[in-house]
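So the chains spell out like this:
2 protein chains.
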Amino acid sequence: MAKGNKLTPQSQDFSAWYNEIVYKADLADLSPVRGSMVIKPYGYALWENIQHNLDQMFKDTGHENLYFPLLIPMSFFQREAHHVEGFSPELAVVTHAGGKELEEPLAIRPTSETIIGEMYSKWVQSYRDLPLLYNQWANVLRWEMRTRPFLRTTEFLWQEGHTAHATADEAMAETKQMLNVYTEFAEHFGAIPVIRGEKTAGERFAGAQMTLTIEAMMRDTKALQSGTSHYMGTNFAQAFNISFNDENNEQAFAHTTSWGLSTRFIGAIIMTHGDDQGLIMPPRLAPTQVVIVPIYRRDDEAAKAQVMTEVDKLAKQLKVKNIRVKIDSREGMSPGFKFNEWEQKGVPLRIELGPKDIEQGTALVANRLEAEKESVKLTELADLIPDKLEHFHNALYQRAKTFRDSHIFEVKDYEEFKEKVEEGFVYASHCGDPESEQQIQEETKATARCIPLEGPSAKGIPCIHTGKESGYERKVIFAKAY
Amino acid sequence: MAKGNKLTPQSQDFSAWYNEIVYKADLADLSPVRGSMVIKPYGYALWENIQHNLDQMFKDTGHENLYFPLLIPMSFFQREAHHVEGFSPELAVVTHAGGKELEEPLAIRPTSETIIGEMYSKWVQSYRDLPLLYNQWANVLRWEMRTRPFLRTTEFLWQEGHTAHATADEAMAETKQMLNVYTEFAEHFGAIPVIRGEKTAGERFAGAQMTLTIEAMMRDTKALQSGTSHYMGTNFAQAFNISFNDENNEQAFAHTTSWGLSTRFIGAIIMTHGDDQGLIMPPRLAPTQVVIVPIYRRDDEAAKAQVMTEVDKLAKQLKVKNIRVKIDSREGMSPGFKFNEWEQKGVPLRIELGPKDIEQGTALVANRLEAEKESVKLTELADLIPDKLEHFHNALYQRAKTFRDSHIFEVKDYEEFKEKVEEGFVYASHCGDPESEQQIQEETKATARCIPLEGPSAKGIPCIHTGKESGYERKVIFAKAY
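Protein sequence lines correspond, in order, to chains A and B. In my numbering, each residue's number is its place in the first sequence (first place is 1) plus 301. In my numbering, each residue's number is its place in the second sequence (first place is 1) plus 301.
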């Protein structure tokens with residue numbers, strides 16, 4: 302670990318940089334339970350902003366929240382063959398409760414398709430009961446062997462949407478709609494450009510007929526799956542008997558979907574935007590958008606009073622504009638120490654205000670993305686901040702997009718594939734054979750991230766690995782991934 | 302169970318009424334896991350409004366949210382003697398995970414003092430690190446034998462605040478502050494009058510030195526503990542070594558508090574306000590404050606278009622005022638059926654609008670607390686609604702307070718005690734002897750709810766049960782309780 306407050310440079314050891322910044326920026330802490338973390342206030346405030354904005358998007362698209370039990374009878378997992386295969390190895394199991402051994406062990410939910418399927422079968426009798434458009438915010442547990450804060454923890458927080466529809470078309474439209482919601486959320490709120498696409502059969506959710514994904518590029522050029530939306534067909538409806546009388550009074554199975562985004566998204570924010578100085582928070586999700594650091598000599602009470610009056614006034618003006626502002630009036634720390642701390646925490650804008658500034662009727666504004674500070678008139682400052690935050694968002698998004706786009710490659714053969722996949726995302730034609738996909742992973746550590754919804758055509762281009770005909774309309778994106 | 306849509310009258314069987322309304326108003330559903338419920342959208346929307354408002358009050362009093370792990374090593378419970386005694390019998394225990402038996406079993410949190418104590422011991426080194434003012438919104442599990450939706454479920458949702466302070470005075474001030482927050486929340490948002498008081502030793506939280514409580518009276522005159530705030534002294538600090546260097550550079554233990562309010566509060570809302578027609582929602586927490594029912598003949602398309610135009614216009618006007626409004630435009634149901642459903646769901650105000658009303662430029666407004674409908678000018682309606690909701694809140698609060706106050710009794714001897722405790726709350730002098738408290742419970746099923754912060758003095762009045770000197774300054778409130 303790098304010494305003092307300094308971080309290991311990203312270029313030297315990205316993984317070390319990540320672990321250091323998570324703890325130094327006070328996003329999370331290690332817990333005494335293997336693989337679980339404590340999400341600290343700064344990290345949790347970021348999660349609350351994610352929740353708040355995403356939840357509004359869910360409600361705007363007609364969804365309601367509800368809550369299902371944490372514990373699921375083990376037998377439920379057996380009912381859908383792929384699902385049990387995918388999740389059994391990761392289950393945490395309650396065998397004793399209330400001082401007695403349970404008759405049937407209960408699993409802590411790793412995801413809730415099964416118990417929700419059981420309830421939906423009760424709630425759906427007629428086509429008039431459909432669609433069901435529900436979401437839950439919850440904790441889930443998956444017993445992972447190798448864990449990293451936010452990216453892979455045994456317990457994590459997420460939302461899981463679960464919908465049921467009368468027809469395949471409707472369910473598919475929902476699956477795509479929610480992928481678009483995630484895309485808009487990532488880009489508009491997280492300033493994270495994402496590639497939308499479909500997972501190959503080998504990378505699908507256990508039990509899904511189609512998995513759609515948004516994939517983002519981290520600053521080490523690896524991919525991070527940042528949200529997924531699944532079309533289940535009637536797999537779960539058949540397993541849990543979610544059936545209904547249709548308009549012709551015939552019995553039919555519902556078509557279901559599920560879609561989720563988790564605290565992993567915090568990892569995406571850290572690794573898409575962060576630099577060697579620390580975090581850079583996207584303004585629309587930043588717990589603190591503007592920090593004001595009052596500057597005065599410790600023994601000069603008159604200056605302190607004058608500065609604090611101006612600082613309080615400014616903070617009030619910003620709060621009226623719904624800006625999330627913080628005054629750092631901690632005693633016994635130098636301004637330089639404070640600047641450094643807020644830079645590390647990635648606060649977009651910092652305002653420095655001292656007696657000399659007040660004399661001149663100005664304040665210094667530091668922008669986390671720029672080296673130069675700007676002197677701004679105090680009378681205009683509050684009015685300019687919303688614009689500055691907008692510009693910050695746009696610049697941050699553009700910076701991430703430019704970085705990503707300069708690390709996506711189309712390659713002509715497997716040799717070039719192996720070389721370029723070390724440097725970023727690779728577009729390549731693929732036959733769709735799961736064994737070939739597996740071999741590519743063994744040989745290069747890269748996986749098929751998705752068949753992008755937009756991207757270069759694979760028509761007539763043989764598979765980069767087997768030379769066989771392409772299995773998809775478009776070239777597949779391969780990359781090393783988290 | 303009563304037939305059709307009718308509920309069993311409260312006076313006939315309050316408990317049956319409660320279970321029926323929970324399911325008929327679609328607040329919750331039974332789940333396939335013993336003692337766990339599914340919180341349905343209408344119930345969860347109520348919980349979201351509770352969360353939203355309470356969370357703002359926590360933030361306004363300087364608290365931040367964070368998140369601790371669900372699973373707690375079993376050995377942690379052993380460290381505080383009263384705590385382990387209180388919670389061990391109710392733990393659900395994970396013994397297997399990831400396909401293997403765990404070296405140390407993990408309990409699902411029944412409350413988080415222990416794991417939080419462990420983390421606080423890491424975070425607190427110096428008096429400068431104090432106070433810690435944190436809260437978490439989470440699910441917890443207590444393996445209860447007899448469960449009822451919202452009132453007592455194996456899994457429930459709650460918030461648990463946990464603070465650490467340098468001095469006993471500060472911690473005690475925090476404990477009292479949070480009791481006041483709960484009081485204000487219950488009365489201002491829930492329209493539920495509560496009695497604030499201290500628990501007797503026998504009723505304290507396991508590990509606390511003092512437990513403060515708010516107690517509400519349900520319409521069957523039983524008490525419901527609706528929120529508690531605990532002063533732990535240094536019990537948990539000593540058990541988990543939350544110690545610090547004080548200003549004199551001497552080692553000291555922190556003083557901690559915890560305070561919680563849960564989905565039980567939904568039970569309090571149901572049973573404080575509900576009547577034989579169903580729920581009555583307090584307007585400031587109601588998922589839907591106003592429902593608009595458009596009225597037209599099914600075959601009259603012109604009337605429908607005209608009515609829907611007016612209805613949409615009105616709904617928009619109300620939304621601008623941040624009123625939570627719903628239009629019930631479901632086809633194939635009579636207005637009467639709809640009226641009945643919204644009355645059962647306890648929506649405070651209902652607006653009925655048909656072609657004749659529009660002709661007269663008026664609408665009918667039905668108030669869930671009043672038998673008569675009122676005709677209101679359409680041009681004035683939207684402006685009048687916020688006031689009407691305010692009046693509704695006040696009337697609802699006053700109704701609950703009048704009911705409660707007419708069911709609180711001061712009694713002269715144990716015979717009268719036994720008689721009156723069947724009819725409500727009883728104020729009685731008590732010696733404070735835990736064995737006597739226990740005997741009273743066995744003989745009358747009533748428990749000591751609290752020693753109220755305000756109430757009749759017990760000075761010089763012998764214990765109603767033992768004749769000994771009163772153990773407290775004030776008379777104790779006894780009641781049967783949920």
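Incorrect hints may have been included.
No distinction is drawn between identical chains; accordingly, a pair holds when it is met within one copy or between any pair of copies.
As the list claims (entries may be wrong) - The calculated DSS-like cross-link candidates involving lysine-lysine, where the alpha carbons are at most 25 angstroms apart (straight line), are: (1) K639 to K325; (2) K614 to K423; (3) K620 to K674; (4) K360 to K639; (5) K401 to K781; (6) K605 to K307.
Calculated from the structure, these hints are not laboratory results.
Status of each hint after checking the structure:
no.: 1; hint: K639 to K325; result: within (14 angstroms within a copy, 57 angstroms between copies)
no.: 2; hint: K614 to K423; result: neither (57 angstroms within a copy, 37 angstroms between copies)
no.: 3; hint: K620 to K674; result: within (23 angstroms within a copy, 43 angstroms between copies)
no.: 4; hint: K360 to K639; result: between (39 angstroms within a copy, 24 angstroms between copies)
no.: 5; hint: K401 to K781; result: neither (46 angstroms within a copy, 30 angstroms between copies)
no.: 6; hint: K605 to K307; result: neither (30 angstroms within a copy, 68 angstroms between copies)
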